[in-house]
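Peer 1: Spelled out, the chains give:
2 protein chains.
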Amino acid sequence: MTADQPPAVPPDLAPDERDRFFLGLAVDQARIGWEEGGVPIGAALVHDGRVLAVGRNRRVQMGSAIRHGETDCVERAGRLPASVYRSSVLYTTLSPCFMCAGTALLYEIPRIVIGENRSFSQSEELLRSHGVRLDVLDDPACTELMQRMLTERPELWREDIGEEP
Amino acid sequence: MTADQPPAVPPDLAPDERDRFFLGLAVDQARIGWEEGGVPIGAALVHDGRVLAVGRNRRVQMGSAIRHGETDCVERAGRLPASVYRSSVLYTTLSPCFMCAGTALLYEIPRIVIGENRSFSQSEELLRSHGVRLDVLDDPACTELMQRMLTERPELWREDIGEEP
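Residue numbers (UniProt numbering), protein chains in the order written: chain A, 1 to 165; chain B, 1 to 165.
Chain A on its own, in the form it takes in the complex:
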């Protein structure tokens, strides 16, 4: 796959294997973001087993305050009918911030698969209170990327979540 073209999905995967596969696309994006000098958080939006878009945090790459992994992914998916969002799954390497959670709530995305929530967790209670199903896979690759981020680029990370340096 390239960074921008989602791959075909292998057939005959069990549900948990499918989740791991789609989360893997988000992890690929996070790794690309890290190599670009950015924040290593990635996402994928999946509808009916088809990848609509992948995305990654582009704070550094685009000088952006609103392109988190999830919002970048939603943006790259383009203008979609409400019915598509409402039957899609959002995969993200890290538990969403309020902005990304609010984006999921606006479009009523019913399920979010989260790589890990050890490094950061802000909106899970809000999302659950609105009926969003959250599945946390506690994926070691996601945690490792974030731990590297917190150690090697701590000021960038604090900027990304609106905290003082």
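Hints were generated in silico from the structure; no laboratory data involved.
It cannot be assumed that every hint is accurate.
To be verified - Computed beta-carbon distance windows for the label pairs:
#: 1; chain 1: B; residue 1: Arg31; chain 2: A; residue 2: Gly63; range: 23 to 31 Å
#: 2; chain 1: A; residue 1: Glu125; chain 2: B; residue 2: Ile32; range: 32 to 40 Å
#: 3; chain 1: B; residue 1: His130; chain 2: A; residue 2: Leu150; range: 18 to 26 Å
#: 4; chain 1: B; residue 1: Arg31; chain 2: A; residue 2: Glu164; range: 32 to 40 Å
#: 5; chain 1: B; residue 1: Ile161; chain 2: A; residue 2: Gly63; range: 23 to 31 Å
#: 6; chain 1: A; residue 1: Glu144; chain 2: B; residue 2: Glu164; range: 39 to 47 Å
#: 7; chain 1: B; residue 1: Ser83; chain 2: A; residue 2: Pro11; range: 47 to 55 Å
#: 8; chain 1: B; residue 1: Asp138; chain 2: A; residue 2: Glu125; range: 29 to 37 Å
#: 9; chain 1: A; residue 1: Gly63; chain 2: B; residue 2: His130; range: 26 to 34 Å
#: 10; chain 1: B; residue 1: Gly78; chain 2: A; residue 2: Pro11; range: 40 to 48 Å
#: 11; chain 1: A; residue 1: Asp138; chain 2: B; residue 2: His130; range: 26 to 34 Å
#: 12; chain 1: A; residue 1: Glu17; chain 2: B; residue 2: Glu144; range: 47 to 55 Å
Where a beta carbon is used, it is the ideal one built from N, C-alpha and C, also for glycine.
Starting from the structure of chain A, add chain B where the hints point.
Peer 2: Leaving out everything else, chain B in the frame of chain A:
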């Protein structure tokens, strides 16, 4: 002013006049957006009496699912230190959706001045529960723009808030 360069602020305005002035910049943006064929919602981010950025909904103009008035404004303000967001005021012609509210919560913007909330209101309880001060000016120009939107471009509006056509 051009669409992209915020103007100087007139001196010696009383606080309520200042709010009306800054909301007026958001209304200007909303009108530009309407003329462009888009969703007539605008915003301005103001710090210490200085306009950091103005923005407008760009769903149509940029094919964007995440550029609402408020998020476009935050994006155009660029990467800012946490301390700036935390002492800024966000002006918006319409009560924020969850995505835009979440953006304000992420960056801990402490006050939002809302042009009107008759046409749409989704996140005010959430924002208040996090201590955000909301001031609703009930501005006729804002309501008029939205009523025109709801009448003349209803499907675009429903798309913008993630509702079925």
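Peer 1: Need the list of violated hint numbers for this structure, in ascending order.
Peer 2: Structure breaks no hint.
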